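Chemist: Read off the chains here:
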Amino acid sequence: MVTTVSVSPAHRIASGRRASYLRRKSALNCVLVAPALLLSIIVVVIPGALTLLLAFTNWSGIGFNFQFVGIDNFEKILADPVFATSLRNNITWLVLFLTLPAIIGLLTAALLLGRKKMRTFYQVIYLMPYVLAPVVNALIWQTVIYNPHGGVFGLFGIQPPSGSAATSLYAAAAVDMWHYWGFLTVVYLGAMRQTPGDQVEAAIVDGANGWQVFRNIYLPSIRPTLLLMGVMAVIFSFLAFDYIYLLTQGGPAHSSEVMGTYAYAFAFSSFEFGKAAAVGIIMSFFGLIASVLYTWISRRDVTK
Amino acid sequence: MTRKRSITAAISIAAAVAITMAGCVGGSSSGGRQTLQLWFWGAPPQQQETMQKVLVDGFNASQSRYTLQVTFNNAVDKNVQVALSAGKGPDIVYGSGPAFSAQYAVQDKLADMTAYAKKYGWEDRILTPMYQSGTVDGKLYSLPNSIEDIGVFYNTRVLEKLGVAVPQTYSEFITVMDKAAAAGLYPSVTGNQGWKPVNQNYISLFLSHVAGGKTMYDALQGKIPWTDPRIEKAVRASADFYQKGYLGGKDYSTLNFDQSMQLLSQQKSPFFIGPSLAFQFASNYFNDKAGNTADLGYMTFPTVSPTLPTPYYTLGTTASLSINAASKDKDGAAEVIDYMMTSSFAQEMNKTWPGYWAVPLKNFDLKSADYTGLSKPFVDSIKSTIKGVNDGNYGFFVGTFFPPATATAFTDIDSVWLGTVTASTFLQNIEKTFKEEQAKGLVPPLPEPAN
Chain A
0 MVTTVSVSPA
10 HRIASGRRAS
20 YLRRKSALNC
30 VLVAPALLLS
40 IIVVVIPGAL
50 TLLLAFTNWS
60 GIGFNFQFVG
70 IDNFEKILAD
80 PVFATSLRNN
90 ITWLVLFLTL
100 PAIIGLLTAA
110 LLLGRKKMRT
120 FYQVIYLMPY
130 VLAPVVNALI
140 WQTVIYNPHG
150 GVFGLFGIQP
160 PSGSAATSLY
170 AAAAVDMWHY
180 WGFLTVVYLG
190 AMRQTPGDQV
200 EAAIVDGANG
210 WQVFRNIYLP
220 SIRPTLLLMG
230 VMAVIFSFLA
240 FDYIYLLTQG
250 GPAHSSEVMG
260 TYAYAFAFSS
270 FEFGKAAAVG
280 IIMSFFGLIA
290 SVLYTWISRR
300 DVTK
Chain B
0 MTRKRSITAA
10 ISIAAAVAIT
20 MAGCVGGSSS
30 GGRQTLQLWF
40 WGAPPQQQET
50 MQKVLVDGFN
60 ASQSRYTLQV
70 TFNNAVDKNV
80 QVALSAGKGP
90 DIVYGSGPAF
100 SAQYAVQDKL
110 ADMTAYAKKY
120 GWEDRILTPM
130 YQSGTVDGKL
140 YSLPNSIEDI
150 GVFYNTRVLE
160 KLGVAVPQTY
170 SEFITVMDKA
180 AAAGLYPSVT
190 GNQGWKPVNQ
200 NYISLFLSHV
210 AGGKTMYDAL
220 QGKIPWTDPR
230 IEKAVRASAD
240 FYQKGYLGGK
250 DYSTLNFDQS
260 MQLLSQQKSP
270 FFIGPSLAFQ
280 FASNYFNDKA
290 GNTADLGYMT
300 FPTVSPTLPT
310 PYYTLGTTAS
320 LSINAASKDK
330 DGAAEVIDYM
340 MTSSFAQEMN
350 KTWPGYWAVP
360 LKNFDLKSAD
370 YTGLSKPFVD
380 SIKSTIKGVN
390 DGNYGFFVGT
400 FFPPATATAF
410 TDIDSVWLGT
420 VTASTFLQNI
430 EKTFKEEQAK
440 GLVPPLPEPA
450 N
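Chains A and B, in that order, give the protein sequences. Going by numbering that gives the first Met the number 0, the letters in the first sequence line up with residues 0 to 303, in that order. Going by numbering that gives the first Met the number 0, the letters in the second sequence line up with residues 0 to 450, in that order.
Hints were generated in silico from the structure; no laboratory data involved. These numbers come from a predicted model, not from an experiment. Be aware that a few hints might be false.
Listed below are the simulated BS3-like cross-link pairs for lysine-lysine, each with C-alpha atoms no more than 30 angstroms apart in a straight line [as the list claims (entries may be wrong)]: (1) 439(B) x 117(B); (2) 382(B) x 288(B); (3) 386(B) x 222(B); (4) 434(B) x 75(A); (5) 350(B) x 366(B); (6) 160(B) x 178(B); (7) 52(B) x 329(B); (8) 329(B) x 361(B); (9) 117(B) x 75(A); (10) 375(B) x 288(B); (11) 431(B) x 75(A); (12) 361(B) x 386(B); (13) 75(A) x 288(B); (14) 75(A) x 52(B); (15) 75(A) x 77(B); (16) 138(B) x 439(B); (17) 222(B) x 243(B); (18) 138(B) x 431(B).
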């Protein structure tokens with residue numbers, strides 16, 4: 000049996016109009032997306048691609064003269080004991096930032112949650128170190144705390160931790176965590192306040208104590224925030240630079256060296272931008288793993 | 000937006016871009032004069048004032064074609080690095096030394112100044128090692144603004160309290176430091192807080208005073224390896240010196256030059272071991288207002304090796320001056336540099352800013368009697384250093400005369416001091432790094448010291 004479908008002229012006109020509308024809409028979408036896309040290409044894609052390219056060259060950072068050296072930069076970096084120290088320090092940094100500020104932030108947020116008065120005031124106070132420039136925070140600690148003459152450690156006649164190879168990394172991490180935990184408190188508090196009140200009330204009515212409410216109601220409720228902050232901590236731990244550079248410059252004897260300061264020395268002291276780019280690629284690799292992991296966990300949660 | 004508003008906005012944007020460009024690239028014109036840019040280190044206000052008065056006003060009044068503008072910034076090294084790489088930057092390039100300039104010279108970012116050297120007779124006027132250090136393949140690319148030696152600042156009051164005279168020999172020097180430690184003082188004060196390359200001062204000192212300038216010269220020429228036993232001995236000696244607490248005790252990593260000089264003035268130590276440029280920090284704490292100017296003395300570091308003459312110097316430079324290859328007013332930039340390479344300029348700058356302007360002239364015709372305050376001992380110290388250079392009794396400062404990656408590798412000397420790396424492994428790494436840079440032609444030419 001043959002079926003003939005006839006399309007009326009009116010329908011054809013409507014269909015043509017719709018196609019034209021979609022084309023116009025698509026063009027408009029492209030125009031609207033173009034600035035952000037262009038900016039991303041200029042600021043992210045091109046420098047990223049160039050960094051990847053330069054990691055395989057001996058570029059000095061000056062002019063346009065360079066040769067491709069294959070995986071030479073990566074071989075040299077991986078054979079350098081300072082790189083191993085840097086990587087180890089980045090991992091230590093990561094462990095510190097995944098635990099201490101998160102615990103302190105959660106604890107403080109939980110305490111602030113039950114406090115109606117002065118809560119905003121405390122949040123502002125906790126955020127203050129976060130909004131100050133790292134150079135200001137570092138200077139404050141260097142002068143007031145870590146100063147062997149006139150600082151807190153000097154007052155007690157103790158060698159400042161920033162000056163010892165055994166403790167320099169922790170000295171820098173302490174300042175960075177000091178500036179960071181207040182921010183976490185505010186974020187966690189915001190997330191905890193989104194927890195449905197009826198769930199909390201029901202748990203209390205059922206006789207749950209403070210810890211049980213926190214463990215069984217608040218914690219599952221803020222899980223996405225905890226996860227996001229955790230992933231951010233992983234990414235930023237491998238990008239750590241400012242406080243270490245300002246307080247210890249990676250010393251003494253590379254004891255607080257991280258990949259950021261290691262790459263910086265190649266780029267701006269030795270004029271070995273090729274090697275600096277190679278270190279940058281390795282740093283990005285760890286950030287990429289964290290991002291993929293985050294995406295995978297998020298998707299798994301949505302599927303559930 | 001109306002048409003009028005659009006035009007106004009376009010003009011505003013164009014004006015903003017024009018002003019920005021004028022700030023970025025030298026060679027703009029103001030009042031019939033060409034503007035010359037110099038980016039300089041972010042010196043303290045009093046020293047900026049001196050610079051403005053002596054250099055800027057002095058130069059601008061000395062001729063009618065150019066107007067010099069100096070911009071002060073603490074991140075000048077990095078700013079210059081980025082600007083030059085982009086083919087921009089100031090007309091006169093202030094850099095961290097000849098090794099810094101050599102990098103840019105081989106990439107054609109700096110102008111060849113040989114013709115200006117001939118025009119102004121720089122080779123005849125400037126100390127030979129200093130002139131040669133700025134050349135690459137026989138062409139001149141930079142001149143140092145100032146020479147320096149690594150010596151010892153001492154507080155006479157502390158020495159009096161310890162009941163000792165100013166030490167004349169290395170063993171006397173060590174004895175005084177031991178006495179100071181026993182008295183609860185720092186044996187000496189210094190530190191690398193905030194600027195890790197400070198380490199270069201002390202490895203340069205021991206390479207010069209233990210291995211000797213001639214051995215360093217041979218290593219820099221590639222005639223002997225950096226693993227040579229004489230060099231290894233020098234590295235071990237520096238580690239021994241550090242481990243005994245003779246470099247700022249346990250506070251080396253938490254003190255800087257400024258704090259160290261303050262501690263010296265507070266009589267917390269008899270000595271501050273450091274470069275002669277530290278005179279500029281000294282003036283903050285030893286001055287007529289505090290009434291302790293006469294308490295500060297400066298001496299050459301006592302010669303360590305008995306085979307080397309006394310006094311023996313560790314020759315370095317404070318900074319370097321070059322001409323940007325992208326400058327539109329290279330003649331004007333050369334005129335500024337020439338203005339800075341004169342006795343009269345040195346004379347004026349040193350009146351209020353001792354430490355930074357030991358202009359490397361063969362005939363440093365300054366009389367300490369004409370000066371007051373700390374300028375007096377500074378001028379004396381420089382005259383003595385220049386004599387030492389002319390006699391060939393000097394070693395080389397790593398940051399000035401070594402290629403950049405090798406200098407950076409030497410900055411890691413604290414790994415040897417703290418025992419995380421052996422002297423032998425450290426020097427093997429230096430040898431490897433140096434060979435790579437030597438192959439690239441990055442070793443500045445040097446005159447051979449006499450000893």
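Chemist: Each hint needs a verdict: does it hold in this structure or not?
Modeler: The hints, checked one at a time:
no.: 1; hint: 439(B) x 117(B); result: 28 angstroms, holds
no.: 2; hint: 382(B) x 288(B); result: 27 angstroms, holds
no.: 3; hint: 386(B) x 222(B); result: 28 angstroms, holds
no.: 4; hint: 434(B) x 75(A); result: 15 angstroms, holds
no.: 5; hint: 350(B) x 366(B); result: 11 angstroms, holds
no.: 6; hint: 160(B) x 178(B); result: 11 angstroms, holds
no.: 7; hint: 52(B) x 329(B); result: 23 angstroms, holds
no.: 8; hint: 329(B) x 361(B); result: 25 angstroms, holds
no.: 9; hint: 117(B) x 75(A); result: 44 angstroms, violated
no.: 10; hint: 375(B) x 288(B); result: 17 angstroms, holds
no.: 11; hint: 431(B) x 75(A); result: 11 angstroms, holds
no.: 12; hint: 361(B) x 386(B); result: 9 angstroms, holds
no.: 13; hint: 75(A) x 288(B); result: 55 angstroms, violated
no.: 14; hint: 75(A) x 52(B); result: 50 angstroms, violated
no.: 15; hint: 75(A) x 77(B); result: 25 angstroms, holds
no.: 16; hint: 138(B) x 439(B); result: 17 angstroms, holds
no.: 17; hint: 222(B) x 243(B); result: 33 angstroms, violated
no.: 18; hint: 138(B) x 431(B); result: 27 angstroms, holds
Figure legend: structure checked against the earlier numbered hints; hints not met, in rising order: 9, 13, 14, 17.
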